[in-house]
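Note that my numbering has the sequence shown beginning at 595, numbered continuously upward.
Calculated from the structure, these hints are not laboratory results. Keep in mind that a hint or two might mislead.
Straight line, CA to CA, 30 Å or less: simulated DSBU-like cross-link-like pairs of lysine-lysine [what the hints assert, rightly or not]:
| # | residue 1 | residue 2 |
| --- | --- | --- |
| 1 | 673 | 659 |
| 2 | 907 | 652 |
| 3 | 706 | 960 |
| 4 | 827 | 803 |
| 5 | 774 | 659 |
| 6 | 978 | 706 |
| 7 | 803 | 782 |
| 8 | 971 | 652 |
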Amino acid sequence: MTHRIVSVFGTRPEAIKMAPLVNAIDNSRNLDSSVVVTAQHREMLDQVLELFQIKPDKDLDVMKKRQSLSEITTNVLLKMDEVISSEKPDLLLVHGDTSTTFTAALSAYYNKVPIGHVEAGLRTGDKYAPFPEEMNRNLVGSLADLHFAPTVGARDNLLSEGIPTDNIFVTGNTVVDALKTSVQSDYKFSDEKLANLALPSLTSDNDTKLVTLEVHRRENLGEPIENIFKGVKKLVDDFPEIFVLFPVHRNPAVREPAERILGNHERIILTDPLATRDFHNLIARSYMILTDSGGIQEEAPSFGVPVLVLRNKTERIEGLRQGTILLTGNETDRVYKDASRLLTDGEFYNTMKNRQNPYGDGNASKRIVDAIDYFFKNIDTRPKDYLVTGQD
Numbered sequence: 595m596t597h598r599i600v601s602v603f604g605t606r607p608e609a610i611k612m613a614p615l616v617n618a619i620d621n622s623r624n625l626d627s628s629v630v631v632t633a634q635h636r637e638m639l640d641q642v643l644e645l646f647q648i649k650p651d652k653d654l655d656v657m658k659k660r661q662s663l664s665e666i667t668t669n670v671l672l673k674m675d676e677v678i679s680s681e682k683p684d685l686l687l688v689h690g691d692t693s694t695t696f697t698a699a700l701s702a703y704y705n706k707v708p709i710g711h712v713e714a715g716l717r718t719g720d721k722y723a724p725f726p727e728e729m730n731r732n733l734v735g736s737l738a739d740l741h742f743a744p745t746v747g748a749r750d751n752l753l754s755e756g757i758p759t760d761n762i763f764v765t766g767n768t769v770v771d772a773l774k775t776s777v778q779s780d781y782k783f784s785d786e787k788l789a790n791l792a793l794p795s796l797t798s799d800n801d802t803k804l805v806t807l808e809v810h811r812r813e814n815l816g817e818p819i820e821n822i823f824k825g826v827k828k829l830v831d832d833f834p835e836i837f838v839l840f841p842v843h844r845n846p847a848v849r850e851p852a853e854r855i856l857g858n859h860e861r862i863i864l865t866d867p868l869a870t871r872d873f874h875n876l877i878a879r880s881y882m883i884l885t886d887s888g889g890i891q892e893e894a895p896s897f898g899v900p901v902l903v904l905r906n907k908t909e910r911i912e913g914l915r916q917g918t919i920l921l922t923g924n925e926t927d928r929v930y931k932d933a934s935r936l937l938t939d940g941e942f943y944n945t946m947k948n949r950q951n952p953y954g955d956g957n958a959s960k961r962i963v964d965a966i967d968y969f970f971k972n973i974d975t976r977p978k979d980y981l982v983t984g985q986d
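Start from the sequences and build out the full structure, keeping to the hints where you can.
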């Protein structure tokens, strides 16, 4: 018997991580795939859909300038009710922690449709950090029937909240699956500024060290982001062998201080947000990354690139334990100190560089499809959990 699986996502990070899973479902004998996008992020979402050759079956097109979280939630909830009525899914899949994720799951619950949560179980323990993502994923965790935890740590978070063991599958993270498609040793950048730079290759060292900066989160806006930028500027002033590339978020609260503090330095390059494939290949060629993003903490270790996390808390605890990331925060002196250490302490740098990526081996999508088949009794054997060194 074929079961109808409706995958819902709306932002670029969701799309990147859901794309390999959508393709895996498409190739399944027992599952019928339908894709619904909310277009919570319009332009950046469309780039990912094109990259992975995914054509949505329904596009809710909820994107509006300066809309509030309440408006996004209301619009998605009303439109998802219509989608579920017409698509009649046997299982609705959502990813991660966006407003689309929570609202689509809530709509499925109201319609008594089983919910599968991809990248389940991430927690910081502080409902305002990150905001609103921490509560979004907590609430989806309360609604979901299947929990696809990327790591053992995420599984343990769910168990501590009373989720039954039988409902949790440790799969690895689908973002590692996506990297296998997008990163190439002979890649030609589509962004004009990047195409004209002598970027390091994937296969050889370079005397010039590329530092990628990525910062945009709400909790860093205002004084924290200015502190981060001041630390980065001091770093570039003191280390002539590095240059910084910063794809700047379109939010004026990010763009204005970036241009004011960093914009006039010859070794700091500000670009518009990059296409997904450009950004993945930029990560792979970086010496280190400074970011407040969640996904990059999972992506960069696949290429042995150390990550300084520009937040005071992270839900990617496995990266801290494994030593692939360092929790740096957003104070000027700490940003400068931690980045300087990676430039001057070769032993420390190589320790971070050579750690195994705790977030996956590129087969998470297959494990999730197998888990869905097991849920619908299409197969008799429960899929094995994904484990790495140090997990149990």
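Hints, verified against the model:
1. With a CA separation close to 18 Å, the supplied pair residue 673 and residue 659 stays within the 30 Å bound.
2. As the CA atoms of residue 907 and residue 652 are separated by approximately 36 Å, the hinted pair breaks the 30 Å bound.
3. With a CA separation close to 26 Å, the supplied pair residue 706 and residue 960 stays within the 30 Å bound.
4. For a cut-off of 30 Å, the pair hint linking residue 827 to residue 803 stands: about 15 Å separates their Cα positions.
5. Taking the CA atoms of residue 774 and residue 659, the gap is near 34 Å; set against the 30 Å cutoff, the hint is violated.
6. Between residue 978 and residue 706, the direct Cα distance comes to roughly 28 Å. Compliance with the 30 Å bound is thereby established for this hinted pair.
7. Between residue 803 and residue 782 the alpha-carbon distance is near 19 Å, which keeps this suggested pair within the 30 Å criterion.
8. At roughly 28 Å between alpha-carbon atoms, residue 971 and residue 652 fall within 30 Å of each other, so this suggested pair holds.
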